[in-house]
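**Q** Heads up: the sequence lines are chains A and B, in that order. Reading the first sequence from the start, the letters are residues 0 to 294 in numbering that gives the first Met the number 0. Reading the second sequence from the start, the letters are residues 0 to 462 in numbering that gives the first Met the number 0.
Hints in this document: simulated from the structure, not taken from any laboratory. You may find that some hints are simply not true.
[As the list claims (entries may be wrong)] Here's a subset of chain A near chain B, in silico, CB distances under 10 Å, partners left out:
1. 206
2. 261
3. 265
Glycine residues also receive a C-beta, built at the ideal position from the N, C-alpha and C atoms.
Single-letter residue listing:
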Amino acid sequence: MYEILDSRQLTENIVELKILAPWVAKKCLPGQFVIIRTSDDGERIPLTISDYDRTEKSVSIVVQVVGASSHKLAKLKKGDFIHDFVGPLGNPSEIILKFDEFKDKNMLFVAGGVDTAPVYPQVKWLFENGNKADVIVGARNKDLLILTEEMQKVANQLYICTDDGSFGFGGRVTEMINSLVKLGKKYDLCVAIGPVIMMKFVSLLTKTLSIPTIVSMNPIMVDGTGMCGACRVTVGGEVKFACVDGPEFDGHLVDFDEAMKRQTLYKTFEGRAYLKEKEGDSHHGGCGFCGGEND
Amino acid sequence: MIDLTKKIPVKEQEPKLRALNFEEVCLGYTAEEAKLEATRCLDCKNPLCVKGCPVQINIPSFIKEIKNDNFLNAYEIIKRDSSLPAICGRVCPQETQCESKCVRGIKGEAINIGKLERFCADFALENSQKPQKQKTNGIKVAVVGSGPAGLACAGDLINLGYEVTVFEALHEFGGVLVYGIPEFRLPKQKIVKKEIENLRLKGVNFVKNVVVGKSVTIDELLSEEGFSAVFIGTGAGLPTFMNVKGEGLNGVFSANEYLTRSNLMGAFLKDSATPIKKSKKVVVVGGGNVAMDSARTAVRLGAEVHVVYRRGEEELPARREEIEHAKEEGVIFNLLNNPVEILGDENGNVCGVKVIKMKLGEPDQSGRRKPIELQGSEFVIDADTVIMAIGTCSNPLISNSTSGLQTNYKKCLLVDERLMTTKDGVFAGGDAVTGSATVILAMGAGKKATKSIDEYLKNKLNI
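Please build the complete structure, drawing on both the sequences and the hints.
**A** Set out below in structure tokens:
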């Protein structure tokens, strides 16, 4: 069992949990992920590490409620326990592994929504190692922005975009990239982490701008150690496993369309399970599945 | 009088009934039946069955004890050479091992050695006293992986007095016994958990959720965590795909994924949090035990299931019992067929498998007749799900993260005759060394490694 040392509500639907996990805290680096199970009958959920503290032996994760399992997880409070917590899985970020190459480069990070969480430790790591990166954070509206204060402290420049213009620049992250480049900003590398569709369009754009781009894939997976093959991603025509070969890949080579299709596999199942979890006995149809009176 | 040329039949769940549930198919012998079957044993002076056993269990001797009502003695005899009798009694391919050599088999049916082993083991699990905690000598040995090789190694090490810690990457202990082999063939609570609990009672320290190679490295186990030796029994967990067109479609699974969802995550249970696809028509590619397990799982989840295998019936590598059980449960065998492409609809979901007919040519290096494509014979089998069960290979997580550990071209760990790897004090056995093989070979390797570890540590530490 793994104790929750702290829980912090970031938005209505997004929670940050700090968990006591000595094995993971000792070894993890930005870019890696963990797999957790809330209870003995829970499903294995992969989540990217958003922060860690080696002396406190803690690892933080950020959870957005999208299904039954994440709903359960987000309800946990300080002092509660998580049944299983394993990691660090996947490879650390390339900019850390090959920092000598990237030390003096101009870096741009692009974060989408809840995936500001996995971007943060990378920017923080760079800051601590003497490289301040520009960061673009995009979200649908201002209520979905997270970790902006933390990011502000470690970023060179932080640019915030909202689709509805409720905060910062009104528009998409790709428009922001374009305008920064037009303003004369030069980037040697872009790291984009967010919804697959965002990573796709950022990669399409950076290709035309000739900015090498790294994306972080978070597909369906079970074990996270290379065993199940559920997380396969086609990269440059080759099949890769996100859990052991990634999660970061060359954004100009990833087959995003396939990745998007693969993500939909259990979507309806997840949605139904969530409704059941949230509505409990008060659920009387509407999910199109249970045959209740509203179906 | 019984017909001595025939096996005493073993009770099984009716095929129609069991195809709808995940309970164990074979119900095993009763004491009376076991004793009757035991009377068929000729107690040969030169018992060939023992030679057929990968770990040379003294088969006639344990059968004699069954005959004499001494079931616990029988179990103790098996235990001398096997750490996991209840498991091997269920999953060993006896028909190509001990039973294939049985003299009774020349003019009739071989003794049902596997079911007798299982009977003794089940009896002992019910009736033995709980194991006592062993005294330890304080010398720490790490076992990586809690599958059959690791469990056997841990069991023997604790008996020798070592302080044993087993590291497991998943959230359950048992490795392939838990994630790979389905409940209907090997009950988890009744058998696997009990074997593990017995080791725990003896004092084995079990640590889950630690991925050696990621959470901690072998080098760190030796230098920082205080272990004097390490045994690697991490199996062959990496799935293989065919590299045909369409493998990225939704509805194509590795057998590992499909079975792990069902077995480890309990996705076959009604209220499981982990989803598994509700398939109407499934094509399983492959002809081994894993293919049979996948096919029979899919049948139980309500699908029409086709096993597509590129060779013929004779060449199917699965245990005969599994093939027969699969057929009885309604699995359809499309033999001498090989997939050339997986077809998808506009949404990226599987809608069929294009296969080509094959014929058998001359024997290849493996001694099996080589399948040859019949040009122009392609046809389509409709399916919404494809399960690839064409073998697994060794996981490179450990070999990539450990200094001085050498592997062969298949990423299998290289070991010497003592099962020591190319790194001092690090031993390995089971599928991690051989590539996918059987539970009993892995178990045997775990036992053999224990002897070597013991000798190695005695030499090194002068004890």
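**Q** A separate judgement is required for each hint: does it hold in the structure or not?
**A** For each hint, the structure was consulted:
1. 206: 22 Å, violated
2. 261: Interface hint status for residue 261 of chain A: holds (6 Å vs cutoff 10 Å).
3. 265: 4 Å, holds
Checked against the numbered hints given earlier, the structure breaks only hint 1 and satisfies all the rest.
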